[in-house]
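Asker: In case you want the letters, here they are:
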Amino acid sequence: MRLQLSGHGASRGSALGRARVRLPHVLEVVEERITDVEAEIARLHAAILVVRDEMHVTRRRLHGALAQEVGEFLDLHALLLDDPELLRGLDALIRTGRYSADYALRLQRDRIANVFTGMDDAYLRSRIDDIDQVIGRIHAALHRRDADVQGIAGEILVTDNIAPSEVAQLQAQGVMAVVTAGGSALSHSAILARSLHLPLVVGTTLALQKINDGDVLVVDGGTGLVVREPEASDLREHRARMRDLKRERRQLNRLRREPSRTRDGIDIRLYANAESREDVAEAHALGAAGVGLYRTEFLFLNTDAVPDEEAQFRAYRDLVLGMTGRTVTIRTLDLGADKADRTGLVLGNEPNPALGLRGVRLSLSRPALFETQLRAIVRASAYGPVRILVPMVSGREEVLAVGALLARVVTELRAQGHAVAEHIPLGAMIEVPSAALSLPDFIGALDFISIGTNDLVQYVLAADRNNDALGPLYSPLHPAVLRLLRAVITVAGRRNIPVAVCGEIAGDPACVPLLLALGLQEFSLHPATLLEVRRAIRDCDLGMLRARAPQLLRARDRGAIERWLHRVRLPSTQ
Amino acid sequence: MIERELLVSNRLGLHARATAKLVQLLSGFRSNATLVARGREVNAKSIMGVMLLAAGQGTPVLLRVEGEDEAAAADAAAALFERRFDEEN
Numbered sequence: 001m002r003l004q005l006s007g008h009g010a011s012r013g014s015a016l017g018r019a020r021v022r023l024p025h026v027l028e029v030v031e032e033r034i035t036d037v038e039a040e041i042a043r044l045h046a047a048i049l050v051v052r053d054e055m056h057v058t059r060r061r062l063h064g065a066l067a068q069e070v071g072e073f074l075d076l077h078a079l080l081l082d083d084p085e086l087l088r089g090l091d092a093l094i095r096t097g098r099y100s101a102d103y104a105l106r107l108q109r110d111r112i113a114n115v116f117t118g119m120d121d122a123y124l125r126s127r128i129d130d131i132d133q134v135i136g137r138i139h140a141a142l143h144r145r146d147a148d149v150q151g152i153a154g155e156i157l158v159t160d161n162i163a164p165s166e167v168a169q170l171q172a173q174g175v176m177a178v179v180t181a182g183g184s185a186l187s188h189s190a191i192l193a194r195s196l197h198l199p200l201v202v203g204t205t206l207a208l209q210k211i212n213d214g215d216v217l218v219v220d221g222g223t224g225l226v227v228r229e230p231e232a233s234d235l236r237e238h239r240a241r242m243r244d245l246k247r248e249r250r251q252l253n254r255l256r257r258e259p260s261r262t263r264d265g266i267d268i269r270l271y272a273n274a275e276s277r278e279d280v281a282e283a284h285a286l287g288a289a290g291v292g293l294y295r296t297e298f299l300f301l302n303t304d305a306v307p308d309e310e311a312q313f314r315a316y317r318d319l320v321l322g323m324t325g326r327t328v329t330i331r332t333l334d335l336g337a338d339k340a341d342r343t344g345l346v347l348g349n350e351p352n353p354a355l356g357l358r359g360v361r362l363s364l365s366r367p368a369l370f371e372t373q374l375r376a377i378v379r380a381s382a383y384g385p386v387r388i389l390v391p392m393v394s395g396r397e398e399v400l401a402v403g404a405l406l407a408r409v410v411t412e413l414r415a416q417g418h419a420v421a422e423h424i425p426l427g428a429m430i431e432v433p434s435a436a437l438s439l440p441d442f443i444g445a446l447d448f449i450s451i452g453t454n455d456l457v458q459y460v461l462a463a464d465r466n467n468d469a470l471g472p473l474y475s476p477l478h479p480a481v482l483r484l485l486r487a488v489i490t491v492a493g494r495r496n497i498p499v500a501v502c503g504e505i506a507g508d509p510a511c512v513p514l515l516l517a518l519g520l521q522e523f524s525l526h527p528a529t530l531l532e533v534r535r536a537i538r539d540c541d542l543g544m545l546r547a548r549a550p551q552l553l554r555a556r557d558r559g560a561i562e563r564w565l566h567r568v569r570l571p572s573t574q
Numbered sequence: 001m002i003e004r005e006l007l008v009s010n011r012l013g014l015h016a017r018a019t020a021k022l023v024q025l026l027s028g029f030r031s032n033a034t035l036v037a038r039g040r041e042v043n044a045k046s047i048m049g050v051m052l053l054a055a056g057q058g059t060p061v062l063l064r065v066e067g068e069d070e071a072a073a074a075d076a077a078a079a080l081f082e083r084r085f086d087e088e089n
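Residue numbers (the working numbering), protein chains in the order written: chain A, 1 to 574; chain B, 1 to 89.
For reference, chain A alone in the conformation it holds in the complex (with noise of 0.2 Å):
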């Protein structure tokens, strides 16, 4: 019988399946007992690796504000995981005990659940939840289990709840929607789930008592309306819904192959942030003009031991052969106290982490490591176009350095037989106060710029990006970093100097015609979202906006620059 369950709409999408219920995870695990130890305790150790590479990926795949916001419950998940006290306790029950490592995991999740549920704080006593997610997801690693939700593809998960780590995995695994009975719309997960366009509904307190696996449901992640046996005006209305998505995003595929171009004919050049090997493939299939910021850090957080310069040139070889042909922009190392790595270059407990020895600082710092990253960068040059930009640039003694050390090791190569472009452009990130006014006394000695906007809005208004408790503080959308923008803009244009803006404000469509109307004309943006500020690009008219850019800079304040943003919006076309 049709039966309708209300829950909250927590990201949009419609979905027809089957459900497959998961019930919360209990370790239903017997007593017992096994005679080789240490091969047990090995057994265990090999599953928590893989738990910790699990999460080490997820947190790979996250970015922007994306990363800031799951990042913290992945850290307090890994943390768990390597919390001295867990590891000790499992270790002793196996090896005092002989427990198995499955049953070990219970007593010790049970030692401590006891203790948590005997909390009077409400908000510790939740934290639970996390433990218990943890220690399931060893469980599961020891079984090479995806937490239990195997060959789910096409299907409905209906849930208790669902953590930040698992919605990519889900995601991944084809799974078609999903519902849970807790949650928050606002939570880590639905953020996360929306940025993956899973639909999501969360608060359907009954779904777990009144949807069994395999019933056929219909779920509107928009409204938050799960209907369980659906009648033929439910599945009229996902029809509906789902031609009216499609349609949506067959607008936006379209652009694949369209040009970034305003309506009155200007073409903007839309480069493409990319991490991984996975971003590199659809930046260049979502016609992307380019790379125009690859984070080197990665190849150096992943492992203990700093990688070597024939490692390094096949990461930035195969990067550049992956875009054939088009320009692939490499940062330099742009490692500091923030950023956790494990192979010692950084300093820890700076007191002031932002304002610390990082970028190219710690380059400079260490004339061997940048050595070897500029031999390998330049290496690959052969390959295909490649520029090089160099971040945290704070005035001209740094970039005369860099460029010598670039001229040095160009030299260098070729005197040693290897093949290396003819000119390899050197950019600067200006995302330091002082590099964006002193930006004429070195311009001169690059051949392109990128403005880092989420760390120059930081320096700029003194306002830490992390920081919840700012609230609305940490903002682009201030006229001084406007101002600011706009000068560094025409100081790169009068020198026929390229220009990008490489931080998230680039990847807000909302946010296009203000970029555009500052004069900007080279985007660097993650690929997730390339498509739809290509639309809202190709939704503007240039001419107009530069026309109403001296209103723009005279606004006073963030209400100023709204009520602007708003004005010069056109009604879409596409």
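Don't read these hints as lab results, they were simulated from the structure.
Careful: at least some of the hints might be erroneous.
[As the list claims (entries may be wrong)] Cross-link-like lysine to aspartate or glutamate pairs, in silico, DMTMM-like; alpha carbons within 25 Å at most:
no.	chain 1	residue 1	chain 2	residue 2
1	B	21	A	297
2	B	21	A	562
3	B	21	A	121
4	B	21	A	350
5	B	21	A	120
Add chain B to chain A, keeping to what the hints say.
Answerer: This is chain B only, laid out in the frame that chain A set:
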């Protein structure tokens, strides 16, 4: 061995976020660290241990650090407490 008397003065107390910061910070040092509060003593490098203290705002805690870099570790941890775990102004 160094002992420091500290006060949990951030609004949320030693919740997950503040605890994570403390554990991450101390894990960067070689020294062993324990935290004593409300009659319990826990490993200060264990996020579970520290959360189990349930030390809310206003709870006095004793930090004990022992090892080759104990002075630096104790200073860094004390500074984090003084900055209220960077949560508020």
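Asker: Compare the structure with each hint and give your call.
Answerer: Outcome of the hint check:
Our distance criterion of 25 Å between C-alpha atoms is met by residue 21 (chain B) and residue 297 (chain A), whose separation comes to about 23 Å. Pair hint residue 21 (chain B) plus residue 562 (chain A) does not hold up; C-alpha atoms about 36 Å apart against a cutoff of 25 Å. For the given pair, residue 21 (chain B) sits about 20 Å from residue 121 (chain A) by alpha-carbon distance, which is consistent with the 25 Å threshold. The straight-line distance between the Cα atoms of residue 21 (chain B) and residue 350 (chain A) is roughly 14 Å, inside the 25 Å bound, and the hint therefore holds.
In summary, the hint linking residue 21 (chain B) to residue 120 (chain A) is supported, as the alpha carbons are separated by about 22 Å, within the 25 Å threshold.
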